[in-house]
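Undergrad: Take a look at the letters that make up each chain.
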Amino acid sequence: MTRFSALSLLKNAMTGHKDWEPQWPDSEPKQEYDVVIVGAGGHGLGAAYYLAKEHGITNVAVIDKGWLGGGNTGRNTTIIRSNYLYDESARMYDHALDLWEGLSQELNYNVMFSQRGVMMLAHNVHDVQSFHRHLHSNRLNGVDNQWLTPEEAKAYCPPLNISKSARYPVMGAALQRRAGTARHDAVAWGYARAAAARGVDIVQNCPVTAIRRDSNGAVEGVETARGFIRAKKVAVSAAGHTSVLMDTAGVRLPLESYPLQALVSEPVKPIFPCVVMSNTVHAYVSQSDKGELVVGAGTDQYTSYSQRGGLPHIQHTVAAVCEVFPIFTRMRMLRKWGGIVDVTPDRSPILNKTPVQGLYVNCGWGTGGFKATPGAANVLAWTVARDEPHPINAPFHLDRFRTGRLIDEAAAAAVAH
Amino acid sequence: MTAFRVAESGRVRHDRPVEFQFDGRSYQGLEGDTLASALLANGVHLLGRSFKYHRPRGILTAGSEEPNALVGTRRGPGRYEPNTRATVQEIWDGLQAESQNRYPKLSFDLGAINDRLYMLFSAGFYYKTFMWPRSFWERVYEPLIRRAAGLGKAPQEPDPDHYAERHLHTDILVVGGGPAGLSAARSAAKSGARVVLVDESAEMGGHLLSEPGLVIDGQPAWDWLAGMLEELRELGVRVMSRTTAIGYYHQNFLALCERLSDHLKEAPADLPRERLWQVRAGQVVLAQGALEKPLVFDGNDRPGVMLAGAAQTYLHRYGVRAGDRHVVATSHDSAWHAAFDLSDAGSRVEAIVDTRANPSDALREAARDRGIRVLSGHTVTGTSGRLRVNAVRVNPVHDGSVGPAETLGCDSLLMSGGWTPSLHLFSHTKGTLRWDDESDAFLPDQQAEACHIAGAGRGLWGVEAVLQDGDLRGAEAAEAAGHKPESGAFQVENDRTGSGETHRELPSDRKPGRARAFVDYQNDVTAKDIRLAVREGMKSIEHVKRYTTNGMATDQGKLSNMNGLMIAADAVGKAPPQVGLTTFRPPYTPTTFGAFAGYHRGDHFEVVRKTPIDSWAEENGAVFEPVSQWRRAWYFPRQGEDMEAAVARECLATRKSLGIFDASTLGKIEIAGPDAVEFMNRMYTNPWTKLAPGRCRYGLLLGEDGFIRDDGVIGRLSDDLFHVTTTTGGAARVLTMMEDYLQTEWPDLNVWLTSTTEQWATIALNGPNARRVLEPFVEGQDLSPEAFVHMSVAECRVAGFPARLFRLSFTGELSFEINVPARYGRALWEKLYEAGQQYDVCPYGTETMHVLRAEKGFIIVGQDTDGTVTPDDAGMSWAVGKKKTDFVGMRSLSRPDLVAPGRKQLVGLLTEDGSVRLDEGAQVVADPNQSVPMAMIGHVSSSYHSATLGRSIALALLKDGRNLKGQEVYVPLPSGLHKARVTDTVFYDPEGERLKV
Amino acid sequence: MSKASKINPVRGPVQLEVMEPVARFSLRVGKQGRQQLGQALGLELPERIGMRSSQGGREALCLGPDEWVVLAPEAERETLFTAALEAYAEVPHSLAEISDREITLRLEGERATDLLTIACPRNLELMPPGSGRRTVMGGIQVVLWRDGQDAYRLDVWRSFFDYIHSLLETGNREFAAEAQLESQSA
Amino acid sequence: MLLIHCPYCDEDLPELEFTYAGEAHIDRPADPASLDDEAWRNYLFIRSNVKGPHYERWRHNHGCARFFNAVRDTVSDRFLTTYRVGEPRPDLESLIGKEGRE
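Taken in order, these protein sequences are the chains called B, Z, G and V. When we follow the numbering used here, the leftmost residue of the first sequence carries the number 1, and every step to the right adds one. When we follow the numbering used here, the leftmost residue of the second sequence carries the number 1, and every step to the right adds one. When we follow the numbering used here, the leftmost residue of the third sequence carries the number 1, and every step to the right adds one. When we follow the numbering used here, the leftmost residue of the fourth sequence carries the number 1, and every step to the right adds one.
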């Protein structure tokens, strides 16, 4: 693999860039692998990379129904943060954040991780209470998160409207400075390139139609559009499509898939220096390196795989953005798109072994999957390699829905009284 | 008259000059001009700089697909807009426009250094570098990249304009007012269907506006157009210009953006700037025509290089010649006609350079007649000129080999790489496209919605064919909408049918690595970038797009997608359809946030619900807090008081004598019917059967998961009638949940639910003097302690108003809640307030209410519970009917984790130092000496300074909390470590003596 | 243009009037004994959603399969209650007073329908004069009575009323501005 | 915005009048106490999440206020039918057949 550097770029520039190699080969599947990972998003590709790098397992295929990085990896608003309330979540996301910080260097691929800070706005007393609970919990968990007054929030993000007469006045904000954004496609590509360099096969445009189990009930392999592929272990990391596939192995999941929409504006010169999230008003904004305002919407109300999403939701989101940042009404929306997010009843992921021997699952990330990418991939690889969960993902098991031990961040944010 | 204006030509008003400014210089245009046509008339071609290389750029198109000519426009304070397409913006007297993405000025831009270093800035270069040293990415590299990118500047001030919305229902919506759309609208309307016809342009006509030489049904094109529009009006067609169909959603739901004021010099104050129309159409006819593709060759981006069709539009519609000396480079017949028209208008056409070896004889002849040199079988291999093209390098091609170059001097290079159907809206519906080998284009295939594609949108060429097709599609749509179709026939003379061929980048005799042949103009993506991406393994068109950013500029790939695909397909070695086409996404053209927000801005962003007593609170200086959609009086500060002082005073006054509180926001549901009590038993944890009419009880509602969802006091007015109260934020949710169970699980129950939240204004009187004040007002109910015991309810009259009167207490004091019809709420409040003066009645707000209830250990759902708390966790097992066999959530309470030890339980906390008020949300630890991460055992859910007790109090959810009573725990705060003792939740009057008044 | 001259430039083409309260009830009753109850209340209870009846100053509008809103003159409030109470034993039902839950806005004018479309996504042409529906305006639930081709009543929950009222006034002014512009260019 | 046929109002109406209410035909067990934890979990949380025709519930909350059932294809978001609470689950094959003929 050619090492990427300013020097290699310069050298290739001199020769008209004709000597660059493919970043990953487009593999034909072999008949058998030690591990098959279904879903070539950041999580799946990352898991393959860590299997190879940290566990020495290189006879691995990552199989995707489309092109790699074409699911939620390439469709999200790239927010990365770890200031979650519960210990379990904080550990998971902070593990990811630690990995994010060195990811470009580790992968030799600039994923443009930018620690611009993520600021979450409090608009009422209830928000303030809830954010304080997060702040204190984060502090004692060693996760950075700090409280800003409205004036400090405005200083951090000048377009913010902190007028006291606003419909939802800003009463303060929680800021995680280590948080930020990254270039989503580059994450998939970087992992793909690094995994391929270690011998992982990346098989694109090859839908997996079923998981096959042997007479003992253990995993035997996967049925695909290009035939059966034998594997001792299968990890499913297929986001919104996971439950349909797991059904074929007889594992029913508490998942529902919802459309999630996002949009970007036309590019403008730097105006928005951080990420701002307002859960109360439903506005999530950042500005990409290219200059586009990147805006996330909430999920639509009905389950769907259509990747379309409705107009009312977008109207509401844009109105919310204009409410919090009134200078943006004359900005123009360039493009909006939809993804499919898989949501569990407690909005926390399921990342663990399953009742089926040799079958592992990583799903249910809802709207929060991108930020977890390196962390989730890393512990998924551990779980698959050792056939036991890493302490970080141990709590994210399927059985919690039976016992009632939910990890419900959203419920903890609760509802207004 | 300006240098390039053609006298008496075009649809502009030559008698109405318009003054405008570009980059501080004044120019004159004509009414009807766009900014682009007016600048071209003045010989101005340099309008902007490109995104990455800061290359000088001019005007490429004459429509909304323009990638280059983006400017900032200003119409007074707060009305700055970046990235306005000069090809769309109509000029008006006083319009100010400025160029973007350049420093210090447009003609000399320091950023153009990037252009010299272009070899470094190949596709995806940023993924390969800027990684060392690690800290430099955020401090150095990224800020540099960001500063260089971004085109225009964002607006800096709030926008004084307003934006509007309308919903519209119609039988048939026709998108596109060109020949196909016009004939479709007419045939559909003649069948009796209701028809709406929209076009993004300032006037209808589409291509007809650029080809006045046509004769349709014996009339000159523009006369025919005028007649057609008159006929549509008579047929009742709603014709909407300046209206862009931006998105095509489920079940023929389309969004249109109508621009109302940006073209006006002065607009009435109440006129919205834009209006978003949401249309539901029975049938949709898409007649969006086709887009002309550029040719891809080295230097195809210099100012002065323009699409031939655009030049034709400028000439005929605006009466402007795109230059004096043109070279036309084309692979399609259409550009020949542009050349002829310009020649006929007095421009010099140096040559027509056609990539095809054998253009038709008719065209050659027409060129010869005009003295235009024809270079067939040629390629274009370069251009020159710093800020405007001054020469074109062309070479013959024989059997794939490129011959010697010839340089042609010019000031305008017009090009055409053929046309591609505009199918963006069709793509929004997830309609599928098929590749048509003959036309080298994607054409519509399977449709997912009830729509019909007409004219050039499905690959037809020539106005007669398009008119005919539009007519048929219109009739087809009408028939599908249930009307009897009627179609007509058209005869067109001078129709310019034609054909062409499709290219990837044009062949060249120069080193391909050096060629700057642009595919995506705005994003500076060249043909070699696309080939590099493929070389690096990006074999799906989506990868190519994302790696190179081809097609991601503000033209949404309208000009670049097809050329990009042809090149990528060639590089991959597959047919174009195998490499795929990227999805087109809404909006069709960039659309303001304001248009999407519509009315939902400022005061109309979201409703602020106010109680009937809100106005009194406002007049009396209340500070408000938002609680769900409501605003509630938070506290009533007197002169000089801060919140803490006001709340302390309000608390003391209430406990000492009398407080008055507006509780109108509490949700209220009337539950009536023979099965009302059974329904209550099933919904709430408590038993209801034995609750006598006239009495009330605290009710606890769980979710089916066993966690607390809501609570409130519930009064039984008669055997079959309950008055339920809910939390303020829970009102709608609880009613929905009840309806859900009632309608879908227990439809057999004879019971009905009605929301009465807003029927009643609710006033709470609290304090030892509550009865004394209230008693004189009450008729029909004896208020004495014996006759109206704690937890009673009665229907009576208060101050002459019909009332539902509760005796209950959320403060621990003697307390009454009086519900009167909302219209009387304020009047009753005022009467009670006046009568209360003798007891120093004190109006208090939500904060005091919170303190008073916390002193008594009453929970606030959503504050002391968080969706993970069971009745037992909250210490409210007493509220769960022990003998009940089922209620909502009961089964979940016995799940393993809900009965496991170590659950968090609600307890009281008293800090060692009573002057310390713990932060709400503060985390509690058992061992303060551990290192981070610390093991936390719970958190403080409520915390106040209690003026009554003269110290702070807190409620907390602690692991095994009830077992910790009496023990010490620690709260590490940034201000220091605080020791606290775990206590019972009731801090004040634990025996409830104060209720016995 | 004669149309433009009719327009009051400040207020717009549609008359908006806040109506005085009336006695208003939410009536819920199953199929059994429904007509009997109707008779007791002096009203026919239309069976189809959206249909109305009126009799001697009382009006009923069917909102759901077992739901009606019933209007009566204020003075008849008690009479109605008593009648319902007497019928209850035989025909169990729910009659909840909602006179004060809602405030009614009356709209009248040639562009009344257009004005409603600034906020109402429903196709109002499918709601002929003499009918009514519960529907949504600007995200807020309302009961809409169509009294004539160009005349409507709109019952809005009290705390949402100002919001809807001012939204419609904004639209009304906007229509006036457009008409002004049209008359200028004509 | 979807266009939804309310089986009680018998009208096609904009989605804004409706709210989605989750998968249909998941009956609350008559005697929850008799279920083991796993069966109770299935009732609470396990959903079919099908890619294709999905039995689901909606409520016409800004209209007749009724909950009703629908079959909607989750790939195209197209409604195949809507029907009242209590009516039997319509047969998918006949629905899709009907679709195909249109």
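No wet-lab data here; the hints were simulated from the structure. You may find that some hints are simply not true.
Listed next, the in silico DSS-like pairs over lysine-lysine satisfying Cα-Cα at most 30 Å (straight line) [claimed, not checked]: (1) B:Lys30 <-> Z:Lys574; (2) V:Lys51 <-> B:Lys65; (3) B:Lys232 <-> Z:Lys153; (4) Z:Lys574 <-> B:Lys269; (5) B:Lys269 <-> V:Lys51.
Predicted model, so just to flag it, every value in this text is computed and none were measured.
Undergrad: Compare the structure with each hint and give your call.
TA: To see whether the hints hold, each was checked on the structure:
| no. | hint | in the structure |
| --- | --- | --- |
| 1 | B:Lys30 <-> Z:Lys574 | holds, 24 Å |
| 2 | V:Lys51 <-> B:Lys65 | holds, 15 Å |
| 3 | B:Lys232 <-> Z:Lys153 | violated, 56 Å |
| 4 | Z:Lys574 <-> B:Lys269 | violated, 39 Å |
| 5 | B:Lys269 <-> V:Lys51 | violated, 42 Å |
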